[in-house]
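> Take a look at the letters that make up each chain.
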Amino acid sequence: MFDNLSLLGLAPVFNIQLLLDGLFIGAIFALAAYGLALVWGVMNVKNLAQGDFVIMGGYIAYSLAELGIHPIFGLPVAVVVMFAFGWAVYVLVIRRVIDRDLFTSLLATFGIAIVVQQTLNLIYGPEVKIAESGFAIRSALDNQLTVADIKLVSFAMAAALAIAVVIFMKRSRMGQAIRATAQDPRAAKIMGIDTDRVYAFTFSLNAAICGAAGVLIAMIWVIQPFYGITHSIRSFVIVTAAGFGNLPGVIIAGLGLGVAEQYSGFVMGAEFQQATVVGLLVAVLVWRQIQQSRIRQVVQ
Amino acid sequence: MTAQQRQFLLYGLILLGGIAAPFVFPNYTFQIAVLWVMILFALTWDIMGGQMGYNSLGNIFFFGAGMYACAVIQIGLYYNVGEYTSAYGAVRVDFTPGQYYLGLVLGILASAVISAVFAVIFGWIVFGLRGPYFAIGTLGVAIAAGELVGAWDWLGGGSGISMPTYPGEPDARANLFYFLCFGSAVATFLFLRILYATRFKLAINAIRDDEAKAEAMGVHTLRYKIIAWSIAAFFLGISGAIYGNMSGFIEPLEVAFPTVTFGIFMVLMALLGGKGTLWGPVLGATLFHVIKEVTWTHLLGWQWVALGLLIIINVVYFQQGLLGWAQEKWPEAFGIRVDEDSSTANREQRSAAE
Amino acid sequence: MTDMIEVAGVSKAFGGVQANRDVSLRVPPGKITGLIGPNGSGKTTLFNSIVGYHPIDEGSIRFEGREISRLRVPQIARLGLLRTFQQTRIYSKMDCVQNMLISVPHREAGWRTMFTPFQPELVDKAEQLLEFVGLYAKRRLISGDLSFGQQKLLEFAMALMNEPKVLLLDEPTAGINPTLINGLIDRLKRANEEFGITLFVIEHNMRVIMNLAENIYCLAHGELLAEGPPGEIQNDQRVIDAYLGAH
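So the sequences go chain by chain: A, B and C.
For the first sequence, this note's numbering begins at 1 and goes up steadily by one.
For the second sequence, this note's numbering begins at 301 and goes up steadily by one.
For the third sequence, this note's numbering begins at 655 and goes up steadily by one.
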């Protein structure tokens, strides 16, 4: 089971390779998790369809590549399409569950996840797909270390997107309204903020961020209709570990999760990758619980 | 006819129907057996989800755990489990009837106990989690279990295990497992019916409505929560053991730990019928299973999309379920009313007059 | 005779906010003791510390001579020290009788009692207590559908059902229709006299607390400011200053 463990010690270059790959993929995890943190923090909706939004974005890039358009143009397309999709989902479903108990929103978004993944499965089939970028692959240290150009591009794009979202949240009117609503929806409403629109926008923005993350995933990794659930769990692990409203925490947890997955995949074999994510989820939840029980609950 | 007589009649009819079903519709024995499994699923999910307010998305774990525990015991009593599974069913091992039945009985009993023990262990870990964390945490446990069993070669890994072959005619086999499914569902229902008349039910209802208040009133909340989960796990373990033998072949992802099919069906069925009631899950499971069996093949691949839509519609527009809706419509029929006799003194006078 | 509750030198801080500083007080058995103080003076924090919602930083809390500051909420409740909440808390989807029945004392709840039905005597007792608070006619209604004042009465009846030795009441009259307040005061006094329950009451309404309590403690800025019988407290210049904010 741990056959490759000794390899890491014998050939230190593997560590660099794993670390780099982990950071490249982790940046995208962090992006999707930031979207979840937004929806969670502002609307208190735990979106279990998060990963399926990501996969949807991936298939948009894949479809463009099939049509002969470079998948990198999928980024703006996915942002627009997913924003619209997010708005529709909000109006049809989320708006009606936002005031209800938390399990309702969890189950409703789980239903959305099933609809999305099964529809994708009917359209594209269950095979694993890649959106080929056709970019070169660099290598260093006698070909022991390889880095595809597309990974560098995607890392830069993820960073740029994250910065754009942060600036938007800080500077724009809508961003301020979102932050105000997150702090106190009732007060925001009294002060004349249309909270329903804020919620709609937040949910759509999250879908758009997921779509962008999906385009990047499709280019540097693989997509498949049923991979969504793992991406959702990844986002939950990151947000639960970092806490929402903690952007540096989300980035660090995202990168850390990427690296941890690369290592566990290398050491224990690829079939344990999902188990690693789920195991981390359970570990994070238990850790949270221990922390909480130490504080105990204060009830008014 | 008094209410009690009506109830006896209803139970009698259901029992009679259940016993007669495989002889009246011999071609559908398997489907009807699965209906009883579904009813058991919905009933056990509702102990936690409906009565106690802890919505688990991972109860299917106990079903799979029971299934594998039973398989290991049935085989392990007479053979080396690792050798048996590594043959992937290519080596046909013949069990004598005596060996088969002893293994089956011991396997079912042990799987119930093992599942319940798992519930106690996981209970200590996850019961500090509330609300969505609990739902996601349990979902994580179920998915992880499927993955781990899939990577565990001793248990046959992803290729699964061929269960010991039944020493007899196919018809007799079908009937045996039908009646095991039927019996386990009826036992679950009767057990819960008795359980829900005790202090236990009010305690878990109190936990559902306001757990902090229940703690402040001195209720042993953790103890109740773990027992509730163990009861669900106990019956799910039995059900998994029976189902594994009925299908004859088990593997981790589709049969033992099917999180997105059976795992979600149990939630949906309980919600459809009305969670937090005794009959709601039974009603929901029956309705869901019958509709599913009738329409499934006609939906031409879109059935899973339809399932997702059904979840959304059920949760968003009809969360109270059939019985919950009926209770809102006719509260008096459920005993929710203002009493004209406005004091205990009046009541005593009245009983004295009688 | 040992005091029911003896708080000695209790301090509690949340981050930088000192909610209680070196508070000492005693609640004698069989009496009604009051706790007053302006908003934010740490009354509820003290209640929470006594019933075990959070660990205290310093000091000791004794219940019938036994140290309880390390125990947790359910354990303390089972000893017979119970509290009601400022925001009324009942089991809102159950009917009133069910709310009452599950409030029975859990002191000697063994494994067997968990799985036995409620004895008819308990149902009778629940109904009598509901009549005591005037909710008998509504006993089969879902408690969440009751008015706020009725929920408050139900919560009080549930506390009585639990047969506590001491009952901590956090603003029992807050949000109650003024015309009903006299009835409530009367019931509190009867609970004290007839059922022998020691009461420790936080109250904002001066008229109520002066009527009710035999001895009153006043907190301000987390510290104990004054102590004495109602007449004395009412005329204590420091208490008046604290309420008028003259500091």
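Derived by calculation from the structure, the hints in this document are not laboratory data.
Some hints here could point you the wrong way.
Unchecked claim - Below, a list of computed lysine to aspartate or glutamate pairs in the EDC-like style, where the Cα atoms sit at most 16 angstroms apart: (1) C:LYS747 to A:ASP101; (2) C:LYS747 to B:ASP510; (3) C:LYS747 to B:ASP509; (4) C:LYS747 to B:GLU628; (5) C:LYS747 to B:GLU511.
Unchecked claim - Computed footprint of chain A on chain B, listed as stretches where at least three residues anywhere in the stretch have a Cβ under 8 angstroms from a Cβ of chain A: (6) 305-318; (7) 365-379; (8) 601-613.
What the hints assert, rightly or not - Anything over 12 angstroms on all C-beta distances counts as not near chain B; from chain A, calculated: (9) LEU18; (10) VAL115; (11) VAL259; (12) GLN273; (13) GLY279.
For each residue, glycine too, the CB sits at the ideal point set by N, CA and C.
> Could you run down the list of hints and mark each one as holding or not?
Tested hints:
Between the alpha carbons of LYS747 of chain C and ASP101 of chain A the distance comes to roughly 14 angstroms, so the proposed pair stays at or under 16 angstroms and holds. In summary, the hint linking LYS747 of chain C to ASP510 of chain B is supported, as the alpha carbons are separated by about 10 angstroms, within the 16 angstroms threshold. The hinted pair formed by LYS747 of chain C and ASP509 of chain B meets the criterion: a straight-line CA distance of about 7 angstroms does not exceed 16 angstroms. Proximity of LYS747 of chain C to GLU628 of chain B is assessed by CA-CA distance (about 13 angstroms); at most 16 angstroms being required, the pair is judged to hold.
Straight-line distance between C-alpha atoms of LYS747 of chain C and GLU511 of chain B comes to about 13 angstroms, which keeps the hinted pair within the 16 angstroms bound. For the segment 305-318 of chain B, the proposed coverage by chain A is not satisfied: 0 residues have a C-beta within less than 8 angstroms of a C-beta in that chain, short of the threshold of three. Counting residues of the segment 365-379 of chain B whose CB lies closer than 8 angstroms to any CB of chain A gives 0, so the stated coverage by that chain is violated, three being the minimum. Counting residues of the segment 601-613 of chain B whose CB falls under 8 angstroms from any CB of chain A gives 10; the rule of at least 3 is met.
Distance check on LEU18 of chain A: its Cβ is at least 21 angstroms (rounded) from any Cβ of chain B, clearing the 12 angstroms threshold; non-interface status holds. A beta-carbon of chain B comes within 12 angstroms of the beta-carbon of VAL115 of chain A; the shortest separation is about 4 angstroms. Its beta-carbon lying about 20 angstroms from the closest one in chain B, VAL259 of chain A satisfies the requirement of being farther than 12 angstroms from that chain. For GLN273 of chain A, the condition that its CB be more than 12 angstroms from all CB atoms of chain B is violated, with the nearest at approximately 9 angstroms.
The non-interface label for GLY279 of chain A is inconsistent with chain B: the shortest C-beta to C-beta separation is roughly 6 angstroms, within 12 angstroms.
When held up to the earlier numbered hints, the structure conflicts with 6, 7, 10, 12, 13 and fits the remainder.
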